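Trainee: The chain contents come next:
There are 2 protein chains.
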Amino acid sequence: MKKPHILVLGAGFAGIEFCKRIDGERFDVTLVDRQNHHLFQPLLYQVASSGLAVPEIAQPIRTILSGKKGLQILMDEAVGIDLRAKKVELRRQTIQYDYLLLAFGAVTGYFGNNQWARHAPGLKTVKDATRIRQSILYAYEQAETCEDDLEQRRLLTTVVIGGGPTGVELAGAFAELARHSLARDFSNVDPERSKVILIEAGDRVLGHMDKRMSEAALRQLRALGVDVRLNTRVENIDEGVVEIEGERIEAANILWGAGVEAHPLTRTLGVELSRGGKILVESDLSVPGFDEVFALGDIVDLVDAKGVRVPGVSPAAMQMAKHVASCFNGGCFEKTPAERKAFTYWDKGTMATIGRSKAVAEVKSFRMRGFIAWLAWLFVHLVFLIGFRNKVVVLFQWAYSYLTYRKGARIIHSAEDLDNPSVSKENDPLPRVGE
Amino acid sequence: MKKPHILVLGAGFAGIEFCKRIDGERFDVTLVDRQNHHLFQPLLYQVASSGLAVPEIAQPIRTILSGKKGLQILMDEAVGIDLRAKKVELRRQTIQYDYLLLAFGAVTGYFGNNQWARHAPGLKTVKDATRIRQSILYAYEQAETCEDDLEQRRLLTTVVIGGGPTGVELAGAFAELARHSLARDFSNVDPERSKVILIEAGDRVLGHMDKRMSEAALRQLRALGVDVRLNTRVENIDEGVVEIEGERIEAANILWGAGVEAHPLTRTLGVELSRGGKILVESDLSVPGFDEVFALGDIVDLVDAKGVRVPGVSPAAMQMAKHVASCFNGGCFEKTPAERKAFTYWDKGTMATIGRSKAVAEVKSFRMRGFIAWLAWLFVHLVFLIGFRNKVVVLFQWAYSYLTYRKGARIIHSAEDLDNPSVSKENDPLPRVGE
Chain E
-18 MKKPHILVLG AGFAGIEFCK RIDGERFDVT LVDRQNHHLF QPLLYQVASS
32 GLAVPEIAQP IRTILSGKKG LQILMDEAVG IDLRAKKVEL RRQTIQYDYL
82 LLAFGAVTGY FGNNQWARHA PGLKTVKDAT RIRQSILYAY EQAETCEDDL
132 EQRRLLTTVV IGGGPTGVEL AGAFAELARH SLARDFSNVD PERSKVILIE
182 AGDRVLGHMD KRMSEAALRQ LRALGVDVRL NTRVENIDEG VVEIEGERIE
232 AANILWGAGV EAHPLTRTLG VELSRGGKIL VESDLSVPGF DEVFALGDIV
282 DLVDAKGVRV PGVSPAAMQM AKHVASCFNG GCFEKTPAER KAFTYWDKGT
332 MATIGRSKAV AEVKSFRMRG FIAWLAWLFV HLVFLIGFRN KVVVLFQWAY
382 SYLTYRKGAR IIHSAEDLDN PSVSKENDPL PRVGE
Chain V
-18 MKKPHILVLG AGFAGIEFCK RIDGERFDVT LVDRQNHHLF QPLLYQVASS
32 GLAVPEIAQP IRTILSGKKG LQILMDEAVG IDLRAKKVEL RRQTIQYDYL
82 LLAFGAVTGY FGNNQWARHA PGLKTVKDAT RIRQSILYAY EQAETCEDDL
132 EQRRLLTTVV IGGGPTGVEL AGAFAELARH SLARDFSNVD PERSKVILIE
182 AGDRVLGHMD KRMSEAALRQ LRALGVDVRL NTRVENIDEG VVEIEGERIE
232 AANILWGAGV EAHPLTRTLG VELSRGGKIL VESDLSVPGF DEVFALGDIV
282 DLVDAKGVRV PGVSPAAMQM AKHVASCFNG GCFEKTPAER KAFTYWDKGT
332 MATIGRSKAV AEVKSFRMRG FIAWLAWLFV HLVFLIGFRN KVVVLFQWAY
382 SYLTYRKGAR IIHSAEDLDN PSVSKENDPL PRVGE
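Each protein sequence line maps, in turn, to chains E and V.
Using this note's numbering, you'd call the opening residue of the first sequence number -18 and step up by one each time.
Using this note's numbering, you'd call the opening residue of the second sequence number -18 and step up by one each time.
A few of these clues could be false.
[What the hints assert, rightly or not] Derived CB-CB ranges, DEER-like:
{"id": "1", "chain 1": "E", "residue 1": "S346", "chain 2": "V", "residue 2": "L376", "range": "53 to 61 Å"}
{"id": "2", "chain 1": "V", "residue 1": "R99", "chain 2": "E", "residue 2": "K192", "range": "54 to 62 Å"}
{"id": "3", "chain 1": "V", "residue 1": "R290", "chain 2": "E", "residue 2": "L384", "range": "41 to 49 Å"}
In short, the hints are calculated from the structure, not lab data.
None of the values given here were measured: they were computed from a predicted structure.
Beta carbons: idealized from backbone N, C-alpha and C, even for Gly.
Just chain E, with the same shape it has in the complex (with noise of 0.2 Å):
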């Protein structure tokens, strides 16, 4: 007899944890991924503050899943959805599924304001972690020949835009880069005018957290030289510049922390969506009206059974997979949705790094701050980084540049990449690479 075919779109936190768990003498299993890796999104932001390179955290999707029964990897992208007709049209193929799981995650959300993604890129993916470091890279580099004074400021100020864990981590990596790394480096270069701004418009960092956690964060970024801007709505951004009330600030790199949305795709289902594009999903987490098909991770808006709505965290994605896999190999897959076990989501706690030594985390109402809970911080991103490999490199490069306050991998890869506008506002005919 034909085993049951599942189609999972996306091999993000989600996606990787189904297909570990869904039982392959049981199903057929397609997963599909525009890359060819799983990216361990929770250090990319080390990527982009020359901490770590590419490689350290990422890892092929066929090495992860490497032996797993029934399975069918491909490398290739969904450009449309269709429902009714139980098939996912690809680049290279066309899919017919009997059961589908959608979870090909966020991307940078602009609230509508999708001109300024070109002035002010978000941080989702290796292009934008590569290009985000070779731009503040190139900004000294260029800094360092700057006879001119306001021009040197601007090439030395960056502005994170979002007080959130994304906005909160770059704020905090990027000044420690300048302070520590890249000051030694230059010698026209002063450290002192080196900034980093950070703007949120609500009136704390961190909201998502305790109130003490977010006072605690606020602090750490200001011991850290992080000017950090509360109470402040962006009104406008363009190229090199943010407008916010009464004041323009000119900056050679503006980073867009603030938000994301669900993958566009989600648009093109023909179901009820939430604000930011996410899926207004059933308690079991499958699409309403669709009993065969579920979404997982990012893309998901569900309120859980016991009222918490729930967070776009890799915790949840991976919470929600095992939901659904479990779905499957109990074979309540054959139930209606109403009739299957609903999701609730296991809050284990939340945590964010602002510099060396200097993090906060909170689980339930047991706090941490400062040196302990930057060392908690390592350990669950060193736990949860897949595979012995990256672990140890991503280990010992954390111990290297803690002793020697220099992060390893200062390298812009390829300056032609900084023509796109989007990263650099150079005019200037750009170093190429190689020949």
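Given chain E's structure and the hints, the job is docking chain V onto it.
Mentor: Using the frame of chain E, we list chain V on its own:
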């Protein structure tokens, strides 16, 4: 009193070595490179074959020369050199010099067939290496879903042109990658179908070494399954096709390891050049007619005082740099070229690695092959790799690959680069990175 100003163009082995050795108390030195990092070229083929990440073989120039007196480092590119006016035009400024050191190295050379460059990339830059890596990994991804027998064979075929060290190392590394690392990852790809063909016009590989070494290398390559074609001249290269006498080889990846030539800037100097654009320097490495201009490294054509033609290898570049730095530090720059000490090359030996436990090495009349040569190769490359951090990480990556038969950097960073027809021939719309 103003110190004499030495301008150094290029931060390869020669440029870095010179800057380390020059007396910064007596000279002002400006070092210019298009990149912000020094690249350890001898390991670049391991980036191409998925063994290492780029930052692991690159080190920021500013870090290497950190604290050096009298040194200014510019990330910029020479676009015009006027030897008579003693000035160099960079992209962002023009610099006057008292003494000039030309050390900008070699580029891939096609012996007048520059139209082949699009179809058969060489391996000189980071971009070359990451493109080759991605193109080969991507061909395997395509082969996995390919239903057409001939097309699958084409996707799994890699042709390496040139049986010198670069060609031999690339061919060996790709044969290993295909046989061990990739074979296990794919379910529809038969490892037996994957093919690496090495084409050499002469009657042996590694023609610069002893005949017995060439034979050992040939045996080692064949043991890895490489199809070595000796006495075979390439007649034409087109998109995905190499034409040799009586045969048309179709291959998804064609790599050029058959030759390099001096950087094209040498042709603008108005001095006498040899074949391949190299500068015919005086015995002291100065440029004929310009006592204050020296050339170092791969752009030099010289038969030294002992009658040895100096090869284009990193030890020669470093020895030249040392020679010229001593000349400056000892005041000999005030003498005429004929009065200055002549350069003599000290041949430290030569080695090439073919794969896991396979290598050849010769030092004068002492020869090694197999495992012992391979250990010697590992040791020498670790010693010369710049930076303690990189040494440790690379050693670990090698040990891990040795134990697991897996290469750690099998990452397609940015599939959109593959759109470039010089590396990929697919007209296929390629998966974009991110979003």
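Trainee: Could you run down the list of hints and mark each one as holding or not?
Mentor: Hint-by-hint comparison with the structure:
1. E:S346 / V:L376: 53 to 61 Å: 45 Å, violated
2. V:R99 / E:K192: 54 to 62 Å: Between R99 (chain V) and K192 (chain E), where Cβ atoms are some 60 Å apart, the hint holds.
3. V:R290 / E:L384: 41 to 49 Å: Between R290 (chain V) and L384 (chain E), where Cβ atoms are some 46 Å apart, the hint holds.
Checked against the numbered hints given earlier, the structure breaks only hint 1 and satisfies all the rest.
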